[in-house]
Amino acid sequence: MADPTRDEPEIKALVGIDPYIPWVMGPGRPYFFLPGRQSQGEERMPMLVRLKKGTAQEFANGDSLPDLAKTDWRNSVSVSPLFTSSVAGRDAAPYLVAMVKADYLFTIFSDTTLQGNLSEIVESVTPGLPLDATSLPPPGDSGAPATVPAQTISATPRTVIMAVIDDGIGFAHERFRKIVAGHPKSRVEYWWLQDGPYAGATSTVLSGCELRKKDIDKLIDDCTIAGAIDEDLLYRKARLLDFRQYGHKSAAWHASHGTAVMDLACGYHSDPPVDDRPIIAVQLPVRVTGDTSGASLYPWVVAAMAYIIDRATVLSGGPSAPQLPVVVNLSYGRLEGPHDGTSDLELAMEQFIHHAAARGMPLRVVLPAGNSYLLRTHAQVQFHGPNHSELLRWRVLPDDRTPSFSEIWLPLRHATSPTNRIELVITSPTGQSRTISETSGPVMWNAAGGTYGQAVYTIAQPSNRGMFRISLTPTADCDNPNAQLAPAGVWQLELKNVQTALIGETVHAWVQRDDTLYGFPLRGRQSFFDDPDYVRFDHAGRENETDNAASPVKRAGTINSIATGDSPIVAGGYRLREMTAAKYSAAGLHHAPPRHPDALAVSDDSCVLAGVLAAGTYSGSVVAIDGTSVATPQVARLAASEIVAGRYGDRAAIAERAAYDEGMRAPGTPPKPPPERGGAGRLKPRVVPRVKR
Amino acid sequence: MAGLAGLSGSAGLAGLAGLAGLGGQAGLAGLAGLAGLGVANSADVGQALILTRDGIVGTWAPPAATPPELEVEDPRNMARWEPWVRASVIDFELVSKLGFSRSSSGDKMTLSHLDVTGSTLTYRPLAAITRPPIALFKNLLVFLDRYADLRGDRIAEIFTQMNGAIAFLTAIPFLHPARTPWTYELLGAALRLANSTEMRFKQALACRRPMEFSPQVQPIILTPSHGSLPSGHATETFISAYVLWMLLRASAPLPPSYSSSTTPPPSPLVPYGDVSWGTELMRLAARVATNRTVAGVHFTVDSAAGAFLGLTLGQYFVNRCTGATNYNAYEFDGTNFPDPTLGGAPPNDGDFYWTALFDETIPGPRLPLPAYVTASGSQAIGGAPNSILAWLWDRARGEWW
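Keeping their order, the protein sequence lines are chains A and B.
If you're matching positions, the first sequence starts at 1 in the working numbering and goes up one per residue.
If you're matching positions, the second sequence starts at 694 in the working numbering and goes up one per residue.
Think of the hints as simulated: they come from the structure by calculation, not from any bench.
Each hint should be verified, as a subset may be incorrect.
What the hints assert, rightly or not - Here are some chain B residues pointing at chain A (derived, C-beta under 8 Å):
#, residue
1, 834
2, 836
3, 846
4, 848
5, 850
6, 972
7, 1048
8, 1053
We treat Cβ as the ideally placed atom computed from N, Cα and C, and that holds for glycine.
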């Protein structure tokens, strides 16, 4: 519920300010800053910042601000030396991650001069989920690092650094070890637990704690009794598992996403030792993994990438030494966003990749196509005449403990576009209608307990595309007895073009991801576009995988919204036995920009044997996990061997491999899926399963 | 008699953690299912026997020969009796040497061994437990919330382990009711020893269950209606893991021997001499114990106290069976168990760590002992070695080759 001691910030059309920000300062605050996790009034959150000009250090100093404002700024905004003074930080430019005191945003919103100063240097900001106080440096401390000591590896022309950003990574698993002189040693050179207990003065990371290979090797030794490694004890000592702390403990479960993904990407037998695939692993905050919606992920992923690149530079022997190639696997997906490569995370990834390449470090990023092909989370409308009306029905579910969001993206304005091209009439399930346009300012739905719905128009930067975001509070809430819940049911979104505006153009709508991941406590429920013309099942009861022109709800365009940039390699999934795309494997957009998955890897052994076999959390265990999340690391593994073979391991190389594999298929093999789903085609399995299912 | 048969089958005593599983096996070992035996002692057969005897007996002729006298107080006679009879005898031998008292200073309870040397009777300490303060239990409640996260993952184990974990022990060495019946009887004896002592401690220490502290615990199984500390599952699984492992270590190489001579030292040649048997058995016991916290019915300190009691009793039991002159006594001080709100690093964070209590490479207590365990020293067992216990131990030992 909104803090009664503060007015909600005045928001008109926001330029470059993620509308999530006024939401989390207002009705969304109790779901963002969970009570009791940080000192009240002192809450801090990470923000991904895109600078218009200046360096990260200048931003951190508040150089462009009047002197009077500088002290306040430095007490409220801190930037880790990872961004201000490391090579990786320069690779990230113009992006950086800052830790910002939430209440300082009220200061900014109420000070137009300060806003003016900042708008000259800041292009956009995206907040990320906050951590508990125990994971953060003390206020005002930027997490000045001890210098990361030099740590080299014996690199050969075959060496590729494999980096995995995920949750529940059992980093001490036998598949990530090698036997050296009869002893098990880690292949993990660096591991960052982003939401671990802050390591204090010796910390070299902006939150949480880090282990280096020698620390992991020592833990392995300490936890070895009579030749048997007690991995449960090891993860407790590493603080990955601490049952005094809140949060889901993926690494305590039989199967965990991160361990399976890392096994597929770079898991090997311990003996003979594999020396040419050293590993850097980053454990994202549990809360970020559990909160599937929102851009809450972005600052953490950008920080993880900067960390990976920084440590890879150290492993290469420093910035002046020849840089080792790095393949990064990020098996995460989002549904909302422009889907045109201009989301801040996508642009940041491009910056990393191009800047690293410029200084001789081949950097590849592999992303999943996403699993939302059949979730009805994408709709698109076209206006065929003036003042036409199209209706989308956004169905929000009951017992949804997390806020729900949807976004409507307009195409770029033309020189002749009127100021207001579209009018959006939003009607709640209880009949409360509000109308919003590009200039009307935000609209709200309020009841006695506060605001339960908000629609905001913003012009996203740097794409300059207009976007309406509708934010709703949860439809159920056990924790806040006074919470103002949103009504569940169908929210009608009536889009009307103004005169002849937008005729012949496409307006896209996406629902934000809001599900509950396997193993996580039940919180979110995925809302969707409910349309009578969308045919879910065919005559035999199978889920329909083909779009119907009559329905605005489309399976096309469900691709992972952080996977539409130019450089990352995007992997979809297919079923090995049937040779068809996995039914959940998302598709790109038909319309430009045509960003499709690049290739498919096996994500289900068959339609009844879901998933592929991979390491369970603890050594000696095997589990089956499905989803495009498991196709991605197989492609990452391939990219690494492609790099070693001199074929660059980039999108083109993977597509070429897929085309080659398609060419080698036996006659009679079912044809490959269309490119929107399958890219260049189905890669043959290269990770030989130990057990045939 | 029917009541005691009920005991060995555990039918009537639903709450006996661990016994139901074993008792079921003992029932199988008794093989009541053999067709002829199955209909014995029925009114129909009795009636028929009256008629049969009348038909075949003929005139009474006093017997000419005399059967040889059985030796009195000879353990070998144990082989003549049914399993439940042997169980009663073994239980008597064990429990008659135990005492229980409350220390003058309130919350400490001591289990003692009665040393009978000649006509001198001396109670010697065996295992003592001091109840943790209720404020510590309240602070430990946090683990009941956090471990609930694992319920979905552990549910199959929680339900199949509700009445004990013997089935899980059989997954490690080749335990089988028909193949190793004497080992089952030995483990049954250890379990019943654990059960009677743990229940006596539970009654005396009177510790409240987690769900009594908060309506948010919401366990996924019925909370048993006996005291929380020590945990019965922990006590029973650790004693059976320990006794089983010691038996394996003592097992004879080919051919099996039925003498009651002292245990041959374990060697790599002995089938079960490798420490990895102990590692897996102890890890299993620890997992069974932790599953009770996941289920919502035990505090972590309950598992620690149960592991402590099970291991201490296990060592005592083995020493009594093998004719040792002494055993080691220990005390568990619940007031010194780590408080999770104090921010200690593992293993001093309030969670249950079996590795803090036991070192399988010795095998024996982990040294140095944790802050909440102290050694009370080596104690004399007294009297002659118990030949009945030794008899059963040797029969069981001979099954492993």
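#### Entry: Minimum beta-carbon distance criterion (8 Å), residue 850 of chain B to chain A
Violated: closest Cβ of chain A sits about 10 Å from residue 850 of chain B, beyond 8 Å.
### Query
Close enough to count: is the Cβ of residue 972 of chain B nearer than 8 Å to one in chain A?
holds, 5 Å
### Message
Checking hints one by one. Is residue 1048 of chain B an interface residue toward chain A, by the C-beta closer than 8 Å rule?
### Response
OK, holds: residue 1048 of chain B within 8 Å of chain A, min 6 Å.
### Hinted contact residue 834 of chain B with chain A - closest CB pair below 8 Å
violated, 11 Å
### Task
Classify the hint on residue 848 of chain B as holds or violated, based on whether any CB of chain A lies nearer than 8 Å to its CB.
Hint violated; residue 848 of chain B Cβ to chain A Cβ min 11 Å, cut 8 Å.
### Query
Does the interface hint hold: is residue 1053 of chain B within less than 8 Å of chain A, judged Cβ to Cβ?
It holds, given that the least Cβ distance between residue 1053 of chain B and chain A is near 6 Å, below 8 Å.
### Query
Taking the closest Cβ pair, is residue 836 of chain B under 8 Å from chain A?
At 5 Å from the nearest chain A Cβ, residue 836 of chain B passes the 8 Å test, so the hint holds.
### Task
Identify whether the interface hint at residue 846 of chain B stands, where standing means a beta carbon of chain A within less than 8 Å of its own.
OK, holds: residue 846 of chain B within 8 Å of chain A, min 5 Å.
Checked against the numbered hints given earlier, this structure breaks hints 1, 4 and 5; the rest are met.
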